[in-house]
Amino acid sequence: MSSNAAPDAIRTGARRTRGVRRHGPAGLAMKMTRQYLAGELSVLLAHLQAVADTEAARRDAWSLRHAAETAPIPALGLVIVRALAVGDDLCWDSLHRGDTAAFTRQAAVCDELREFGVCAGLLDEA
Amino acid sequence: MAESKQPQGSGAQTSEAQIAVHWREEEYVPPPPEFVEQANAKDPAILDRFREEHFPDCFKEYADLLAWDEPWHTTLDTSNPPFWKWFVGGKLNASYNCVDRHAEASPDKTAIIFVPELETDDHVAISYSDLQRQVNEFAAVLRDSVGLKTGDRVTLHMPMVPELAVTMLACARLGVIHSQVFGGFSGTACGHRIADSGSRVLITMDGYYRSGQVQDHKVKADEALAAAHQEGQEVDKVLVWRRRDGEYASETPMVDGRDFFVDALLSDYKGATVEPVSMPAEAPLFLMYTSGTTGRPKGCVHSTGGYLSYVAGTSKYYQDIHPDDVYWCMADIGWITGHSYIVYGPLALGTTTVIYEGVPNYPDGGRPWRIAETLGVNIFHTSPTAIRMLRKVGPEEPKKYDYHFKHMTTVGEPIEPAVWRWYHSEVGKGEAAIVDTWWQTENGGFLGSTLPALQPMKPGSCGPGVLGVYPVIFDEDGTEVAAGSGKAGNICIRNPWPGIFQGVWGQPDRFVATYYRKYNTDPDSKDWRDWPYFAGDGALQAADGYFRILGRVDDVINVAGHRLGTKEIESAALTVPEVAEAAAVPVIDDIRGRVVEVYVSLKPGFEPSKALQDKVSAAIDEQIGKIARPKNVWIVPDMPKTRSGKIMRRVIASISNFADVGDVTTLANPEIVESIRQYVQSSKVANDDVPRELTETEFEEIKKFGGE
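Sequence order for the protein chains is A and B.
Each residue of the first sequence is one higher than the one before, starting from 8 at the first, in this note's numbering.
Each residue of the second sequence is one higher than the one before, starting from 3 at the first, in this note's numbering.
Read the hints as simulated data drawn from the structure, not as lab findings.
Honestly, I wouldn't trust all of these hints.
If you anchor each label on the Cβ, the simulated ranges turn out as follows [as the list claims (entries may be wrong)]:
hint	chain 1	residue 1	chain 2	residue 2	range
1	A	Thr-111	B	Asp-124	28 to 36 Å
2	B	Pro-693	A	Ser-70	56 to 64 Å
3	A	Arg-65	B	Ala-620	22 to 30 Å
4	B	Thr-376	A	His-103	27 to 35 Å
5	B	Lys-520	A	Ala-63	37 to 45 Å
6	A	Thr-111	B	Ser-269	39 to 47 Å
7	B	His-56	A	Arg-65	55 to 63 Å
8	B	Asp-238	A	Ala-63	48 to 56 Å
9	B	Thr-254	A	Ala-63	20 to 28 Å
Pairs of lysine to any residue, SDA-like flavour, derived with a Cα cap of 25 Å [stated by the list, open to error]:
hint	chain 1	residue 1	chain 2	residue 2
10	B	Lys-628	A	Arg-104
11	B	Lys-628	A	Thr-111
12	B	Lys-617	B	Arg-631
13	B	Lys-633	A	Arg-89
For every residue, glycine included, the Cβ atom is placed at its ideal position computed from N, Cα and C.
Work the whole structure out from these sequences, hints included.
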């Protein structure tokens, strides 16, 4: 989404922020025609799966994608929160290894996920 | 949605309905006079023609937009409620209506403009005569090479390319029921839909572009077939369109005898023509699966005559489409919006519809506005999510481009007034009428919207019911909530309309149970008035008749900042086969603000056990996440209920919090309260799990929980 991917991803990915992120407005997740949110999230989780460099992370991303495609729409906010946690771990592991190429790819995906979640009203801005 | 956030520092549980009533009503915004002057619906007499006393015959006006092979004899058949049939006796073909009649009248007129994602690739303009040729040739392939016949189902898993529209229209030409799965979905999701629909043919594409990268799409076909096989459904043939002539964008091999390149098959059918099959109005045109469905997928069946009439009528009057417009709906054809308002509605009216392959912000936030400028788009249609994204990445971008929209739509979710204003003033440059539409996959077309030249816009509200659609808001007990009362409830539609889906594919009981049982007053009645359609969305109606869609009116429990809808938790608990009923309630917790406790009652023949409690807890954990894991699962013999059968959540919430349960004498089963209280509170005392005494505010919150 943004060309400034890394700083955003660091922000979303910081371990210290995990667990305090607020879930989006679950009760506001109406039916309407919001099916497309599940679709877009599925695509982004496929990207997450593609940048995962461990088997466990790939499995997590696959399972989250499955959740996005099958869970009730109101649960998508939690799916994003969990996806960001997976992305956080990937980013930090890459940083610890000094693998900047992997970090950049993973950070970009985290950024996309976060931006999408905020714009879709599934995540709070802060 | 900033208005819906919890106040900082508050852990209070609040239903969205309670929040909504504090939203400020916005001022009306009139449509521009230039728009009114040219609008399809500018004579107020149309509002009278669609008043309830003229129902259902008012919809003849929509059906008359189409060419019928045989006229209908019955406008609305209500003999088997709620399986309504529209325009019974009539026959028509959707492909003929969207292609041939326009190709005959204006062969060189552009039907589709395809915009590839890569800006270095040229736009592709397809005239109505080109489209007619392509549809005929591919229909010949489907009929003569693949062996598809009327009534067969075929699954499409295609990206945003014109070949998708060609494929849909070729199916429609033969009376083959297409089921397009959103191209971004996994092969597994596609496989589940193949299995549910019983498709033996999958039509896909080798690849497509997204964010500048070519995506391997064909690989998903192999996953899809494996998933379908696991559910016992075999696929005989996979037809693969190529994104670029002579190239293959996938790394997965073509399977001999199963996979076929469409271009290779087409080479035998150059110039072929296929007579459109004259279909009964009520014959299924397509299936549209709803995502986010636990359990078996839900394939909404949309009809040929009713659906096509409805999308043609709403496209004409609500999208204000004229034949000489250039219309761009930036949704994906994989969703109902794309079916109704990219393909079937605009083409039925003979206009030019734009299909854009990629993401709106590639390579930058100015892309949509460059497309609009280049193509002369004058009607634009997108979702609030996309509007928010475009506003974020390029708030100043629209003014850099010389385009002029006369009309804009938002669809899919409510749009907050601040975003609406940016859309109006920056994207629309203050020149466009906006329709904020409310509807669902199941509905075929719009249900709530302003009629753009006749009803002023009001940011944050979708408007009244559309022509011939009469919404009502009911509370949980079926009492009508008055307009202007400030109270929210469940929005329902009192009457059938031609675009309503005909059922859930292969699951008639689920159709009735999900959409009609809640407010049906007499299951034997043949009168449509006794069968309100339950939309599942919450809404509030202002005194002027405009609706504001709120989401569902279930309560929210705020656990450590995570807002959990009680319905989600209860739905997850109900996936445990032994569970008959479930209710989630908050318990005051000094560390996490609130924690969740779940009460369940069991189906006959099952006994309470620790294993069953764990199973319920695990189901919630798995489906929603650890954050929703209940602190306790209480298996009770019955739930305290009102005489109308509503579970009294405030009573059990009070028990869990050791608060006074209040007056329970009016309950249908008051004796159960003491029994539950004894069981729950003695267990909590034994486990040293007694919450501290509630503050006055907390006590009020618990007392009000559940809305009673």
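Results for each hint:
{"no.": "1", "hint": "Thr-111/A / Asp-124/B: 28 to 36 Å", "result": "32 Å, holds"}
{"no.": "2", "hint": "Pro-693/B / Ser-70/A: 56 to 64 Å", "result": "35 Å, violated"}
{"no.": "3", "hint": "Arg-65/A / Ala-620/B: 22 to 30 Å", "result": "24 Å, holds"}
{"no.": "4", "hint": "Thr-376/B / His-103/A: 27 to 35 Å", "result": "47 Å, violated"}
{"no.": "5", "hint": "Lys-520/B / Ala-63/A: 37 to 45 Å", "result": "43 Å, holds"}
{"no.": "6", "hint": "Thr-111/A / Ser-269/B: 39 to 47 Å", "result": "45 Å, holds"}
{"no.": "7", "hint": "His-56/B / Arg-65/A: 55 to 63 Å", "result": "59 Å, holds"}
{"no.": "8", "hint": "Asp-238/B / Ala-63/A: 48 to 56 Å", "result": "37 Å, violated"}
{"no.": "9", "hint": "Thr-254/B / Ala-63/A: 20 to 28 Å", "result": "25 Å, holds"}
{"no.": "10", "hint": "Lys-628/B / Arg-104/A", "result": "30 Å, violated"}
{"no.": "11", "hint": "Lys-628/B / Thr-111/A", "result": "29 Å, violated"}
{"no.": "12", "hint": "Lys-617/B / Arg-631/B", "result": "11 Å, holds"}
{"no.": "13", "hint": "Lys-633/B / Arg-89/A", "result": "21 Å, holds"}
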